[in-house]
Amino acid sequence: MATYTKTVDPNGGSDYASLNAWEAGEQTLYSSGDIAIADCRRTGAIKDTTAVTVAGWTTGVIPKIIVNAAHRHEGKWADQQASGNYIYKLSVTTAIASLTANNNLVEVDGLVLDILGSNSYTSGGIAQSNGYSGLSVHGCLFFHNRGDSPDGGATSALSNSSTITSYNNYFYNNIVIGYKRAAGDLWAIRSNYGNTYIYNNSVYDSNIGIARTNGNVYAINNLSLGCITDFLGAFATGSDYNVSSDATAPGTNKATGKTAYTDYFVDPANGDFHLKDTSLALFGLSGTDLSGTFSDDIDGVTRTAPWDIGADQYVDVGGATISSADPDGLTVTGLASADYRGLISGAPAGELAAIGVAATSVKGFISVAESGAIATTGTDATGTRNLISATVIDPVTVSGANSTDYIGHKSIAAAGSISTTGVDSTGVYTPVGSTTSTAQPGATAVLGVNASGIRTLISLTEPGAVNFTGFNAFGVRGLLSVTETGAIAVTGANATDTYTHGEWVSNATPGYVSVSGYDSVSTMIALGRLIPITRGREISITSGRTIPIIH
Amino acid sequence: MASLLIKAVDATNPDPDIDRGCYKAGMIVEVREDNAPRGLLEKWPAFAWIHVPGVPADVVRKYAEPEYHVLEIGAVKRRRRWQIRWADLPMGVRNKFAAKGEITIKAGDYSGAYDYLWSTMGGFFRDMLTGQDEGGNL
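Just so you know, the protein sequences line up as chains L and D, in that order.
Per the working numbering, residue 1 is the first one in the first sequence, and the count goes up by one each step.
Per the working numbering, residue 1 is the first one in the second sequence, and the count goes up by one each step.
Calculated from the structure, these hints are not laboratory results.
The reader is advised that the hints may include incorrect statements.
To be verified - Pairwise CB distance ranges (calculated):
| no. | chain 1 | residue 1 | chain 2 | residue 2 | range |
| --- | --- | --- | --- | --- | --- |
| 1 | L | 85 | D | 131 | 47 to 57 Å |
| 2 | L | 12 | D | 65 | 18 to 28 Å |
| 3 | D | 12 | L | 2 | 20 to 30 Å |
| 4 | L | 70 | D | 135 | 41 to 51 Å |
| 5 | D | 133 | L | 237 | 49 to 59 Å |
Being a predicted model, the structure only gives us computed values, none of them experimental.
Quick reminder that beta carbons are idealized off the backbone N, C-alpha and C, glycines included.
With the sequences and hints as input, model every part of the structure.
Rendered as structure tokens:
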């Protein structure tokens with residue numbers, strides 16, 4: 001018993017340029033008990049457009065079609081991964097089925113079937129026929145949506161259409177979308193004979209969602225919504241935990257009449273059928289544990305109790321480098337990769353979702369859009385550094401960016417306050433003329449710098465606080481820390497050439513201002529308008545007069 | 001413009017029902033455009049290539065279609081309806097395959113270098129459903 005893996009890539013450079021050629025080349029090379037794997041990749045834009053039939057293999061050999069992780073879909077309709085890698089697709093126009101499994105023990109994992117045919121004789125997805133058994137299809141995406149045709153035939157995206165009894169077919173973690181037409185029947189998932197286990201699939205917007213026409217069909221944890229008929233037929237005892245938009249979901253534990261589709265899925269209009277929340281929250285029903293058969297979801301995420309219904313197991317926090325300590329306190333850490341600069345998006349309150357960054361020049365743009373959530377919108381301009389905008393009350397801390405390219409480090413510690421630390425790198429700067437601002441009332445605004453050599457200039461516009469503007473002198477470095485509302489401490493201005501030139505620092509009541517550290521020989525108060533004030537040592541200033549204090 | 005990938009050796013199974021699904025030497029596995037990428041294992045002696053540069057791929061794609069069961073929609077009766085009579089090929093053709101793994105056929109308005117005319121080779125393409133050899137032009 002051995003495993004033989006061959007690579008398949010329609011763009012060349014691999015063992016075979018199509019699944020069909022792999023099947024033709026491998027079908028009788030091995031012995032019973034051996035496993036023959038097609039390791040599917042797509043290193044360029046060319047897709048696999050040839051239908052494949054798996055048949056005639058040496059008895060007992062297990063043919064497996066497995067999409068390589070670097071070219072596997074990410075649980076939604078797309079041509080490329082977020083990384084830019086092309087996703088392996090079987091895009092067939094003219095075959096009765098894109099993939100026909102006329103062989104025992106065929107396994108298909110992670111394949112995208114872009115079903116391009118326009119009638120029942122060219123619209124099949126994966127089909128098993130003629131009495132073969134042991135078909136296992138999981139983690140696959142089936143998309144049709146190619147309009148309809150007038151003929152009245154019937155075909156299926158995923159089916160066991162055997163005319164004699166077949167056994168132990170498993171269809172799980174698949175998504176079937178748009179398998180419909182105006183005339184005739186298109187079946188998203190159908191089992192015609194034998195024992196078929198249909199677990200944790202998501203079906204949407206098809207003629208018939210999940211169907212049993214003959215045999216023992218066990219339907220558990222399935223989501224079938226928006227079909228003319230969501231579930232059809234008499235399912236086997238044990239079928240349970242299914243959800244439908246009509247009243248057809250089989251089982252004792254079920255949810256029916258669920259029609260708020262846009263509330264359930266992330267972006268159904270664009271083929272993203274990830275759940276927006278747990279199935280318990282969305283449908284009032286969790287699935288049952290099927291870990292005796294499989295333990296992950298369509299994305300490869302390990303399912304944990306309670307299991308969600310459908311192909312996707314909802315994950316409230318995504319991304320290996322992002323963690324959330326609690327719903328009101330988000331922590332973004334890591335950024336260890338040389339290329340990764342961080343792009344973070346999260347729609348629901350209290351949640352984070354991380355998605356990749358395609359452009360190498362993106363350095364990160366983080367916007368907090370609502371309470372407890374982070375939404376990120378794109379910045380792909382060359383040279384864009386950190387731009388952080390907080391519009392919420394919840395405290396957010398962004399830290400730990402230690403790569404050589406990292407520019408800037410900002411921490412928002414509490415409502416209405418900002419602390420900026422750590423801007424000590426050689427490359428740290430605020431680009432001349434740029435503007436960084438936050439919009440929250442009572443918070444801060446960071447405005448532009450227009451003089452060469454100035455590194456950091458912060459202006460606070462909070463009511464009752466202070467307003468710093470106009471640091472336009474050469475050599476000013478500046479390190480500003482706002483410690484409380486209405487109070488300012490300016491420290492560390494100890495550089496040799498530190499001085500203020502005809503400018504002023506003032507505070508509004510209540511509160512006080514202390515300016516310290518002017519210990520350099522060349523420090524000066526050019527027009528006598530820089531006034532250190534400390535509580536308990538009040539100094540009265542009369543108009544037109546200044547009192548320099550020597551430390 | 002078309003290239004035909006041909007199975008050059010028989011695959012067999014002792015079960016006659018399963019053997020119907022096996023590729024036999026001379027069956028056209030698939031049709032690709034001339035410049036389409038190839039796999040590293042798609043070569044002689046397992047496979048052979050027949051190039052027909054003067055003919056669009058869609059014109060010869062019929063040679064790579066299965067023979068379907070008449071009474072059962074979608075069920076494959078024979079792996080390919082068409083098959084090149086491999087054992088009947090002239091020695092010269094077989095020698096060229098053995099030497100290069102491929103031949104070029106002149107058909108259509110192609111005017112470049114070639115090994116054989118379609119009028120010579122077409123007669124070796126047999127419709128296994130009817131038992132008739134190809135007699136038409138490309």
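So, going through the hints one by one against the coordinates:
no. : hint                       : in the structure
1   : 85/L to 131/D: 47 to 57 Å  : 48 Å, holds
2   : 12/L to 65/D: 18 to 28 Å   : 25 Å, holds
3   : 12/D to 2/L: 20 to 30 Å    : 21 Å, holds
4   : 70/L to 135/D: 41 to 51 Å  : 49 Å, holds
5   : 133/D to 237/L: 49 to 59 Å : 57 Å, holds
Of the hints listed earlier, there is not a single one the structure fails to meet.
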